[in-house]
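Engineer: Residue numbers (the working numbering), protein chains in the order written: chain Z, 1 to 462; chain X, 1 to 293.
Hints may be right or wrong, so weigh each one.
Claimed, not checked - Taking lysine-lysine and the DSS-like style, the derived pairs with C-alpha atoms no more than 30 Å apart in a straight line are:
| no. | chain 1 | residue 1 | chain 2 | residue 2 |
| --- | --- | --- | --- | --- |
| 1 | X | Lys71 | Z | Lys280 |
| 2 | X | Lys92 | Z | Lys413 |
| 3 | X | Lys106 | X | Lys125 |
| 4 | Z | Lys271 | Z | Lys376 |
| 5 | Z | Lys283 | X | Lys71 |
| 6 | Z | Lys271 | X | Lys179 |
| 7 | X | Lys71 | Z | Lys268 |
Stated by the list, open to error - Over the 10 Å line for every Cβ pair with chain Z, so calculated as not near, a few chain X residues:
| no. | residue |
| --- | --- |
| 8 | Val5 |
| 9 | Asn13 |
| 10 | Val78 |
| 11 | Gly169 |
| 12 | Ser236 |
| 13 | Glu260 |
It is worth saying that the hints were derived from the structure and are not from the lab. Yeah, the Cβ is synthetic: ideal placement off N, Cα and C, and Gly gets one too.
Single-letter residue listing:
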Amino acid sequence: MEVDVLKRVPVREQDPKVRATNFEEVCLGYNQEEAMAEATRCLKCKKPQCQTGCPVNIDIPSFIREVEAGTNAEAYKVISMYSALPAVCGRVCPQESQCESKCIRGIKGEPVSIGKLERFVADWARENGIKPEVTAEKKGKKVAVIGSGPSGLTCAGDLAKAGYDVTIFEALHEAGGVLVYGIPEFRLPKQTVVAAEVENVKALGVKIETNVVIGKSVTIDELLNEEGFDAVFVGSGAGLPKFMGIPGENANGVFSANEFLTRNNLMKAFKEGYDTPIFKGKKVAVVGGGNVAMDAARTALRLGGEVHIVYRRGEEELPARVEEVHHAKEEGIIFNLLTNPKEILVDENGWVKGMKCVEMTLGEPDASGRRKPVEKEGSEFVLDLDTVIMSLGTSPNPLISSTTAGLEINKHKCIVAEEATGQTSKDGVFAGGDAVTGAATVILAMGAGKAAAKGIDEFLSK
Amino acid sequence: MYKIVRKEYLANNIYLMDIEAPRVAKSCYPGQFVIVKMDEKGERVPLTVCDYDREAGTVTIVFQTVGASTKMMAQYEVGEYFQDFTGPLGCKSELIDEPIEELKKKNILFVAGGVGTAPVYPQVKWLKEQGVDVDCIIGARNKDLIILEEEMKKVAANTYVATDDGSYGFKGNVNDKIKDLVNNEGKKYDLVVAIGPLIMMKFVCLLTKELGIKTIVSMNPIMVDGTGMCGACRLSVGNEIKFACVDGPEFDGHLVNFDEAMKRQQMYKTEEGRAILREKEGATHHGGCGHCH
């Protein structure tokens, strides 16, 4: 296979027209030959900058060297030392702003496709039945992990590898957190990828108890004082949806992105034979410009709707990954940028019939450093719609903080925790991921879970 | 997996089950609810806690077969298992945290409509255990739809049954009975707790507002996760948006926007689905309020 060192080996994808009508995975990934070819582009730098860009610090040149040599099992061993969820990360990490943004290859040409190579290695290992290895001796100490999302799975995996007896408590009926309820099948296959990586964590000895709502079914204090846990990690995420507070928002046909995606992803409403209903809008607006907005829009499109993204800033300010925006456009999502909703119009039966919007222009940069959108006078117009999906971000659920005495939170309801160790204001209680930072990315949550596992190990080794 | 250890047929399409769920049984209180998911493909169905046995580790649920999921749930027998059973969810009844001495000073009337009698029962029972006597009206369209009357009589100081058609007890809807108690029997109430179909709760609230009696209602809107994640259960209460799953399910009935709640309740009921319900059951709700036609 010929390789232009300045250009990436292209990755195969489902045709946009075809994939807009199905929930199969969009990106098909590299095969052996493509992966080995792409691996040759890595310069194997002595001081690998890519590694510094990775929140879990994966030794990237080492695993790429193994891929180049065709020794995939060795490549998987390298990655497994750092990450419990490589098949997930290879798919949903924003590599362009992390490892790949630091790649020296990227100075002149395109950076090495680190994410796609990671995915290749993880998929190969799964298809060949290779599991991560457990080595450590049992420590005889129990740790409770709250939440089975990216931070919880990572923390639990690392602690199990260090010899701790770990139980994950999950509020929903299935493990995976946002990987299961939030990110759609076409970006992250649930059975083949997520369930398999959860099984890998279980193979390390981690127990998972589903249907336990911490703060309701049992409290953190009860876990520590009555159930014999020596430490607790809180990785309960940021699950509370925000609404705009505009008129008409309680009309039938207005959903939070969380509701829409949970019905579709966790409850599998899109699949034949599943009982949970989902409203298949004919004309849908998704308000917001983040990755979740793209996920909701592309889901609504696959359910048969004409879908608009309504975002108050411009294309450059879209918080979603470039790849997601690109995919959304390819599939036919219509972008109404510099547009802000003012009111949802409701018919006599209480259903959405449209949305009054106003055009915006960008003014001076605001506190976030982005240019502040300002309404253009007299530019109001109406979008005819039957569905509005609000994707304005989420905040941490107060269920845990409000039922745990001595657990400090900040004004955004985020748990206060030390970055390096995850230590909270309460002895023996650690936290990380979106519950601490507010909604962020899978890999940042994994980084926090990793740091907390180290913090917990130090705490329990005292 | 959660084992069904008791199943009883209470009345017209209303079933009672005891489910083995030790964590829930240990920590639940009256006013809270659980979510049941029967099998891999099932919906997450929210149901109010109707009783619990902390020692036996069981929780009692009562449900009426109004949709596809509850119809399937009724097919399960003792010894079989539900795949998922989560809880307790929501806040406990605010009465639970009130000082007992304060509660004893109050005259409390519970108003139970149809299958809403089930969530009323554990509250009345809990109060009885604390030595607080309360009155209770059980309303239904006719005698056959009255449930848990004997159980209620054991825990309430006075139990009044009202049927729309007069086939049993007082002839009239629950509002007629409230008026009868207040106007003709000289009863004075400081608090009403009304649980039943939305339309019943709405009209009870209109009456109690007139009478100047504070009223608590229990809302049971469409939900998915039940933990505050999806916002499907949002309601307008006063000037605020509340999530029934984490802020409720009980609210000050005089502040709830019932008309909006009733519209939202229809969201997943298609024309087709409603037609089936009309044909099979005559109505999509089953209270004794007398306001539905």
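Engineer: Which of the listed hints are not met by the structure?
Structural biologist: Of the numbered hints, 4, 5, 6, 12 and 13 do not hold.
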